[in-house]
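Participant: Residue numbers (my numbering), protein chains in the order written: chain A, 1 to 381; chain B, 1 to 316.
These aren't lab readings, by the way, just hints derived from the structure by calculation.
All C-beta atoms, glycine included, are put in the ideal place defined by N, C-alpha and C.
Honestly, I wouldn't trust all of these hints.
Said to hold, decoys possible - Just the calculated beta-carbon pair ranges, DEER-fashion:
#1 E44/B with L17/A: 50 to 58 Å
#2 W295/B with A227/A: 47 to 55 Å
#3 A188/A with L259/B: 22 to 30 Å
#4 A227/A with A269/B: 50 to 58 Å
#5 A227/A with M38/B: 26 to 34 Å
#6 V23/A with I313/B: 24 to 32 Å
#7 E184/A with M38/B: 49 to 57 Å
#8 R177/B with E199/A: 50 to 58 Å
#9 D259/A with P47/B: 48 to 56 Å
#10 N265/A with L259/B: 21 to 29 Å
#11 M38/B with A311/A: 31 to 39 Å
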Amino acid sequence: MSLEVESRTPVLGEDGLPIEELVVNVGPSHPSTHGVGRFIVHLDGDVIVRCDPVIGYLHRGIEKMAENRTYLQIVPLTDRLDYVGSMYANWAYCRTVERLAGIRVPERAEYLRVIVCELQRIASHMMGIGAAAADTGAFSMFLYTFDVRERIIELFESLCGSRLTYNYVRPGGVSFDAPEGWFEGVSAFTENVDAQLAELDSLFFGNVITRGRLKGVAVLSAEDAVAWGASGPVARGSGVNWDLRKHDPYSIYPRMEFDVVVGDNGDAYDRDRCRLFECYESAKIIDQCIAQMPGGSFKAEGLPRLIAPPAGDAYDHIESARGSLGVYLVSDGSPRPYRMKVRSPAFCNLALTSRLAVGHTLPDLVVVLGSLDPVFGEIDR
Amino acid sequence: MSGFFWGLVVGLAAGIVIAVAALIGVWAERKVSARIQMRFGPQEAGPFGLLQTLADTVKLILKEDITPTQADVPVFRLAPLLVFVPVAASLAVVPYAAGWAPFNIASSVVFFLAVPAISVIGVLLAGWSSRNSYASIGGIRGAAQMISYELPRTLSVLALCLLAGSISTVAVHDSWRFWWIPLNAIGFLVYFIASIAELNRGPFDLSEAESELVAGYFADYSGIRWAIFMMAEYGGIVAASLFGAALFFGGGLGLPGLLGGIVFMAIAAVLAITMLWVKWTFPRMRPDQLMSLAWKVLTPMALVQLVLVGLVIPWR
Numbered sequence: 001m002s003l004e005v006e007s008r009t010p011v012l013g014e015d016g017l018p019i020e021e022l023v024v025n026v027g028p029s030h031p032s033t034h035g036v037g038r039f040i041v042h043l044d045g046d047v048i049v050r051c052d053p054v055i056g057y058l059h060r061g062i063e064k065m066a067e068n069r070t071y072l073q074i075v076p077l078t079d080r081l082d083y084v085g086s087m088y089a090n091w092a093y094c095r096t097v098e099r100l101a102g103i104r105v106p107e108r109a110e111y112l113r114v115i116v117c118e119l120q121r122i123a124s125h126m127m128g129i130g131a132a133a134a135d136t137g138a139f140s141m142f143l144y145t146f147d148v149r150e151r152i153i154e155l156f157e158s159l160c161g162s163r164l165t166y167n168y169v170r171p172g173g174v175s176f177d178a179p180e181g182w183f184e185g186v187s188a189f190t191e192n193v194d195a196q197l198a199e200l201d202s203l204f205f206g207n208v209i210t211r212g213r214l215k216g217v218a219v220l221s222a223e224d225a226v227a228w229g230a231s232g233p234v235a236r237g238s239g240v241n242w243d244l245r246k247h248d249p250y251s252i253y254p255r256m257e258f259d260v261v262v263g264d265n266g267d268a269y270d271r272d273r274c275r276l277f278e279c280y281e282s283a284k285i286i287d288q289c290i291a292q293m294p295g296g297s298f299k300a301e302g303l304p305r306l307i308a309p310p311a312g313d314a315y316d317h318i319e320s321a322r323g324s325l326g327v328y329l330v331s332d333g334s335p336r337p338y339r340m341k342v343r344s345p346a347f348c349n350l351a352l353t354s355r356l357a358v359g360h361t362l363p364d365l366v367v368v369l370g371s372l373d374p375v376f377g378e379i380d381r
Numbered sequence: 001m002s003g004f005f006w007g008l009v010v011g012l013a014a015g016i017v018i019a020v021a022a023l024i025g026v027w028a029e030r031k032v033s034a035r036i037q038m039r040f041g042p043q044e045a046g047p048f049g050l051l052q053t054l055a056d057t058v059k060l061i062l063k064e065d066i067t068p069t070q071a072d073v074p075v076f077r078l079a080p081l082l083v084f085v086p087v088a089a090s091l092a093v094v095p096y097a098a099g100w101a102p103f104n105i106a107s108s109v110v111f112f113l114a115v116p117a118i119s120v121i122g123v124l125l126a127g128w129s130s131r132n133s134y135a136s137i138g139g140i141r142g143a144a145q146m147i148s149y150e151l152p153r154t155l156s157v158l159a160l161c162l163l164a165g166s167i168s169t170v171a172v173h174d175s176w177r178f179w180w181i182p183l184n185a186i187g188f189l190v191y192f193i194a195s196i197a198e199l200n201r202g203p204f205d206l207s208e209a210e211s212e213l214v215a216g217y218f219a220d221y222s223g224i225r226w227a228i229f230m231m232a233e234y235g236g237i238v239a240a241s242l243f244g245a246a247l248f249f250g251g252g253l254g255l256p257g258l259l260g261g262i263v264f265m266a267i268a269a270v271l272a273i274t275m276l277w278v279k280w281t282f283p284r285m286r287p288d289q290l291m292s293l294a295w296k297v298l299t300p301m302a303l304v305q306l307v308l309v310g311l312v313i314p315w316r
């Protein structure tokens with residue numbers, strides 16, 4: 001698709017004056033495009049007749065950069081994919097490396113990974129809901145959700161020293177064991193989070209204006225969600241019961257008891273609210289993990305300093321906050337991958353804007369975007 | 001000639017009142033929003049951060065005044081004044097004390113409701129002359145919204161005029177009685193909501209909708225011209241709060257002298273702070289929902305209020 005806005009021959013109205021669509025360029029520098037999204041929106045009056053997402057403003061060539069780095073050096077790169085949920089890309093990448101090189105991960109490391117990833121899910125969903133709320137004009141809600149997120153970021157900081165790009169999950173385990181008192185901190189957080197989530201639910205989703213803005217907007221049918229490759233809360237909001245933690249169980253998820261949150265109507269309201277309810281389930285999983293936490297090492301023993309997997313390829317995926325995040329690696333036997341490919345859920349979800357926004361008005365575009373919760377670091381890579 | 005000088009004095013006073021109101025209003029807005037959002041807000045410049053807005057104003061005055069090359073320059077420069085001056089003028093007919101308004105004209109209620117409507121033209125021209133699609137959409141939205149909300153707002157005030165038997169703000173203010181408060185509860189609600197919408201403030205700030213239109217009709221304004229728009233907004237809050245307090249609550253609830261003045265200011269302050277509070281609590285509405293609210297909810301409510309008042313009048 002070309003980046004130029006195509007010029008169209010004007011249609012003449014009854015009075016002989018030309019009637020044209022108003023072409024509005026939304027982004028890449030715009031308050032509500034979740035980073036550097038750009039959308040070329042054709043408006044007929046107030047109604048969107050066409051909406052083309054333009055991506056690539058955050059392209060850093062991460063997949064290509066990976067080809068010149070050793071397997072351990074790639075982990076920090078994966079942090080920069082989904083910068084709202086760095087733990088997921090870490091984990092998806094490490095799972096693929098472990099599968100490729102046949103590395104066994106100790107159980108304690110798996111538990112730690114699940115705890116940080118479920119914490120990350122809450123943090124990421126808080127960001128998603130907060131941004132969706134700010135897009136509808138409820139800016140105060142953004143800071144309420146950030147309060148919850150901040151607690152998690154603080155926990156991560158005490159765990160691995162970083163607040164945003166953690167580099168925590170490494171091939172063969174995790175970088176640090178939990179410091180003293182960390183599990184107590186996590187338990188204290190999960191104890192409080194239910195009340196905080198309930199407050200958010202009534203403050204934002206219970207608000208009459210929010211309901212008016214989100215309900216019935218950008219309805220995505222279950223068939224379309226599957227056909228467009230949507231995953232995560234975007235697909236589940238449409239009633240697609242698809243969660244890799246349940247339907248392609250990995251790590252220790254088969255031992256956990258939790259429900260897959262599924263929406264009914266597939267509108268923006270259901271998608272956003274799905275995210276909120278998933279946070280309750282994540283808190284449940286974290287509590288179970290802490291209760292079952294085994295001892296032992298947090299990283300695989302006898303791992304070579306330079307991992308050089310045998311020639312071949314591997315693919316593994318996990319359920320990230322945005323959907324099924326997959327990493328495909330091809331090895332030629334050298335210590336550097338021959339090729340890395342990331343299957344980004346946000347990329348597939350973002351494609352839906354060109355369909356969901358049509359027929360709605362410009363204010364609904366930001367609602368559509370907010371409900372898809374795109375992160376452009378992951379989309380552009 | 002004396003009328004001219006009096007006008008000059010009142011005009012200057014209104015300008016100063018609005019400037020001070022904007023200074024305090026921006027500070028109050030930042031403090032109120034900060035408290036709602038679990039923050040502190042400005043607290044470094046001066047006591048309680050009171051001088052923060054002054055510092056910002058100095059910054060705004062010193063900033064470059066940018067006019068877009070494609071803009072319609074004379075219109076672009078005129079638009080902020082067209083928004084600001086009517087708001088300042090509307091302050092001149094508010095009855096500040098019993099029997100006294102700076103301009104005591106016979107039809108001052110009509111003056112108060114009609115003159116700020118001129119700022120619709122300013123909003124429209126600001127949006128149009130910027131040659132920016134966001135600004136144009138914002139301007140057109142603003143015009144549609146302000147015109148729609150004029151009707152319920154006027155109708156709600158009309159109920160008071162019926163009760164007082166006059167369209168002079170001073171007469172309405174002076175004939176105010178306590179039982180007007182319960183009687184005009186619906187009308188006051190309509191007046192308050194419609195005033196927020198008339199001022200383009202959240203949850204009805206569609207014309208500036210920062211998450212959709214970046215800044216709406218004043219997206220291309222900078223420096224002091226942008227500040228004039230802001231002053232008009234806070235001036236409008238002050239005018240609507242003072243007018244609401246003066247007419248719906250009889251100024252200081254009919255209390256005499258200084259006490260009445262203090263109560264009057266307190267009621268106006270409560271109304272103004274409620275407007276800030278509402279903005280930072282609610283999401284923004286969609287244009288079509290906004291129109292439905294004006295025509296399907298507020299206008300019928302205002303009509304019901306009129307009928308209620310009409311029923312009471314024979315037994316007054």
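Participant: Run every hint past the structure and note whether it holds.
Facilitator: Hint check:
1. E44/B with L17/A: 50 to 58 Å: holds (55 Å)
2. W295/B with A227/A: 47 to 55 Å: violated (40 Å)
3. A188/A with L259/B: 22 to 30 Å: violated (52 Å)
4. A227/A with A269/B: 50 to 58 Å: About 57 Å separates the Cβ atoms of A227/A and A269/B, which means 50 to 58 Å holds.
5. A227/A with M38/B: 26 to 34 Å: violated (43 Å)
6. V23/A with I313/B: 24 to 32 Å: violated (56 Å)
7. E184/A with M38/B: 49 to 57 Å: violated (25 Å)
8. R177/B with E199/A: 50 to 58 Å: violated (43 Å)
9. D259/A with P47/B: 48 to 56 Å: holds (53 Å)
10. N265/A with L259/B: 21 to 29 Å: The hinted range 21 to 29 Å is violated for N265/A and L259/B, with Cβ atoms some 57 Å apart.
11. M38/B with A311/A: 31 to 39 Å: At roughly 55 Å between Cβ atoms, A311/A and M38/B fall outside 31 to 39 Å, so the hint is violated.
Violated hints for the displayed structure, listed by number in ascending order: 2, 3, 5, 6, 7, 8, 10, 11.
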